[in-house]
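Chains H, A and Y, in that order, are what the protein sequence lines are.
Under my numbering, think of the first position of the first sequence as 1, with each following residue one higher.
Under my numbering, think of the first position of the second sequence as 1, with each following residue one higher.
Under my numbering, think of the first position of the third sequence as 1, with each following residue one higher.
By construction, these hints were calculated from the structure, which means they are not laboratory data.
Check the hints yourself; a few may be wrong.
Claimed, not checked - In the DMTMM-like style, the derived pairs of lysine to aspartate or glutamate whose C-alpha atoms are separated by at most 20 Å in a straight line are:
#	chain 1	residue 1	chain 2	residue 2
1	H	255	H	220
2	Y	75	Y	53
3	Y	75	A	242
4	Y	75	A	209
5	Y	75	Y	64
6	Y	75	Y	65
As the list claims (entries may be wrong) - With beta-carbon atoms standing in for the labels, derived distance ranges:
#	chain 1	residue 1	chain 2	residue 2	range
7	A	301	H	174	24 to 30 Å
8	H	131	A	116	49 to 55 Å
9	H	88	Y	193	40 to 46 Å
Unchecked claim - Residues from chain A that face chain H, not an exhaustive set, calculated with beta carbons under 7 Å:
#	residue
10	113
11	128
12	211
13	293
Computed from a predicted model, the values in this text were never measured in an experiment.
Glycine included, every Cβ here is placed at the ideal spot set by N, Cα and C.
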Amino acid sequence: MTFYLLQALNGLAYGMLLFLLAAGLSLIFGLMEVVNLAHGGFYMLGAYLALSAVRWTGSFWIAAIAVPLVLGAVGFLLEWEFLRPLYRRTHLDQILLTFGFAFVFSDLARWWWGADVQSLAPPPGLDRSIPLLGTFFPSYRLFVIALGAAMAGGLWLGLGRTRLGAMVRAGVANREMAQALGIDIGLVFTGVFAFGAALAGLAGVIAAPIQGVFPGVDFETLIVTLIVVVVGGLGTLPGSFWGSLLIGEVDTFGKTLVPQMALVVTYLVMAAVLIVRPTGLFGGRPR
Amino acid sequence: MRGAAALGGTGAGARAAWIAAALGMALLPLAHDRYLIGTLTEVLIFGLFAMSLGLLVGFTGLVSLGHAAFFGTAAYAVGLVSTRVSPALLLTLPAGIAAGTLAALVIGVFALRATGVYFLMLTLAFAQMAYAAAHQWAWLTGGTNGLSGIPRPSIPGVDVGGAVPFYYLVLLAVGTAAILLSRIVASPFGAALVGIRENEPRMRAMGFDTFRLKLGAFVLAGAAAALSGALYAYYNGFVSPDDLYWTRSGEVLVMVLLGGAGTLLGPAVGAGAVLVLQNLVSSLTERWTMILGAAFILVVLVAPRGLAGLMADRWPRPSSPSA
Amino acid sequence: MAAALVTERLTRRFGGVLALNDVTLEVAAGERHAVIGPNGAGKTTLFNIISGEVLPSSGRVLLDDRPVTGLAPHKIAAAGVARTFQRNNLLFNLSALENVRLAVQAHTAATRRWLTPTARLRDLREAALALLARVGLEARAALAARALSYGEQRQLELAIALAGRPRVVLLDEPTSGMSPAETAAMTALLSRLGRDQTLVIIEHDMDVVFAVADRITVLHLGQVLARGIPEEVRRHPRVREVYLGAPPPVRP
């Protein structure tokens, strides 16, 4: 029993990481109808930059704050310089553009940080296991769960209760109407894209002590995130949240209970959801 | 009109281009340059791969980000049968095509339930599943090391071991497939695919079973991609998970977009351009992936209709009467 | 007379809104039936349910006494129901001829011939040209649909709907956005259509309705308010009150 509870906690930690990724991807899609295929690249760069930042500054916490800011800036530039000129074209062109950036980020990381698997130590104070349920559990993972839950709550409140959130929601619901109300929708796009990039970068920093970082982690992560949003429903925050937790648990239990079939389990869940609800558990009508 | 030209594709200009390409491809090996022959063989193989994706992207309006799944699956099937059973062409080639086509059918049934970005994400996800499977099931696929030592196919009475005979085998296979694809595109089936690209709900209201048509296109494209993957396995003598990886899918998509979707020849020309570029820069830098990414970004920003579109803008054709 | 099309107690809710409420409609074979009513009366929802694009919350649709409710749109189209759309819905980048040829093709086995050049199937082309001639577009066959005038696009919609000799044709405001001359031409065209086709037509222009329709059903707030021959409907007090008496509906 304890074993299952601990695995459930592991799954929860992984699910929270996925949520940080899926929330950004989903928000960007809900607003701009663009699936950002460079999202995994932001995550990977977040993890690598954290590695370098810890090497330079010696502090995990400085990295955890600075790296998302850097990636937010990268996201800002990408949206401002490259996506913006494509507003009048199809969303497909914008998606293909992000695919091009996925290539560039992937190769950039291999060039700069090499091809080896690297890992990051958890910050002091969170680097040991604490007694839990009669055994020991890594405190860092509890921290990840708490952080994810805090971010989810913050996002929920931020979107629902603030002026900024109202602007974003207006943009998601009806772009023309939002513009008619005097909202600079272009600025909202840029802001949300940058924010999504920063969230993905934060996920990379937070994940580095658990999962390590290596070439190819960008697409591995992107694919799991895509599965999350397909399962939960694109463009909805609750969909991202419950989809993340579901896939986090499914993946974790799949790997421990049926290791040979671990790969297939997640896809089976996705296929099942698609058959029953092609637009995801929380998705509305197809666009 | 783009649609009118795409529907027929049988204009005098297109025919001349096809004939010139065929003649050139048939005569060039007489130059007896091993390097040239190798490059041409690759251009043919990837030209077919790109044409097969072009059938989906340019004609049906289905942008697949996982086309390498069929290419790679076929290459693995050829590798397994060649090394464990027999290198007979009549055994390995059908095995490769069958494996790739079956993969297309299974993935198509799921991915085509969705539309738009969902379709795009699902093709990517399923292809990555094939990649991960090739990685993990090492007892079958050799894992990261892949399968090596794949021989050239054996054909009773003919030796295609040499570069030139093998080139002509590839030319025959790719030529046959290209003719079939051009017939498909010009057929009523092809016209229905273009209709789906233009306005799928309207086609449904007219009485077309658009799901089945799209699945048909997806499976045909998968079969053609499988043929190219099988030829690639013979040519390269080696298959690895990289042949199923998203970079491979992205590479072929760049070929299609660079050449110009909406015609069959465009993607093939795009394949040639990408391979020549790759050969040119490979001696200078290892950053090929980054160059591919830059090519993606440039094509999307500067030439969304590809080289064919650029040419059409420079030398506009007089509008032809409808096909 | 046998009923070609029957809707039995159709109800459709969108969220909390009752778009259609218990609508029963019987259209005899060969009849020209107009459905009128103010905007928001549920007319287009009715069409969307008949053509299979929207599922009813309850009730069913019978085509020649066979239930077709729940069938996919393409199956209902294949069963003999064709429709036009309130807003022109065409393959805009393809020529007028190609639009109609595909519509003809949809009702043949030609789509399964994936190695025969379309150019060789002269039947398709000739049937399409004949349909274009019927709606007066023969001279525009080679033009892309997007290059046609709005009125011509509506004519093309009709040609597409008539391809494949449907049992029932649903016309959603065939004259909306047309000039008076175009409207007159379309009215004449509709009146000339053979009686082998059953016509259900949504229309705001009362002159067109009274010129074309054998019988009229008035929808109001999702419910049948009145039905009968044009004269009865014209005299119906409730209809005069909510519809005919009201200021004429604004047309785009």
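Structure-based check of all given hints:
Using a Cα cut-off of 20 Å, the hinted pair residue 255 of chain H and residue 220 of chain H holds, with the two alpha carbons roughly 15 Å apart. Distance check on the hinted pair: residue 75 of chain Y and residue 53 of chain Y sit about 11 Å apart at the alpha-carbon level, within 20 Å; holds. A distance of roughly 43 Å separates the Cα atoms of residue 75 of chain Y and residue 242 of chain A; the hinted pair therefore is violated under the 20 Å criterion. For a cut-off of 20 Å, the pair hint linking residue 75 of chain Y to residue 209 of chain A stands: about 8 Å separates their Cα positions.
Using a Cα cut-off of 20 Å, the hinted pair residue 75 of chain Y and residue 64 of chain Y holds, with the two alpha carbons roughly 15 Å apart. Distance hint between residue 75 of chain Y and residue 65 of chain Y is fulfilled; the C-alpha atoms sit about 16 Å from each other, no more than 20 Å. For the pair residue 301 of chain A and residue 174 of chain H, the supplied restraint of 24 to 30 Å holds, since their beta-carbon distance comes to about 29 Å. Between residue 131 of chain H and residue 116 of chain A the Cβ separation comes to about 50 Å, which falls inside the hinted range of 49 to 55 Å.
Checking the proposed 40 to 46 Å range against residue 88 of chain H and residue 193 of chain Y shows it holds: the Cβ atoms sit about 42 Å from each other. At about 5 Å, the closest approach between the beta carbon of residue 113 of chain A and any beta carbon in chain H falls short of 7 Å, and the interface hint on this residue holds. For residue 128 of chain A, the interface hint holds, the least distance from its beta-carbon to any beta-carbon of chain H being 5 Å, beneath 7 Å. The closest approach between the C-beta of residue 211 of chain A and any C-beta of chain H is roughly 12 Å, which is over the 7 Å cut-off, so the hint fails.
Because the closest C-beta pair between residue 293 of chain A and chain H is about 3 Å apart, less than 7 Å, the hint holds.
Checked against the numbered hints above, the structure breaks hints 3, 12 and satisfies the rest.
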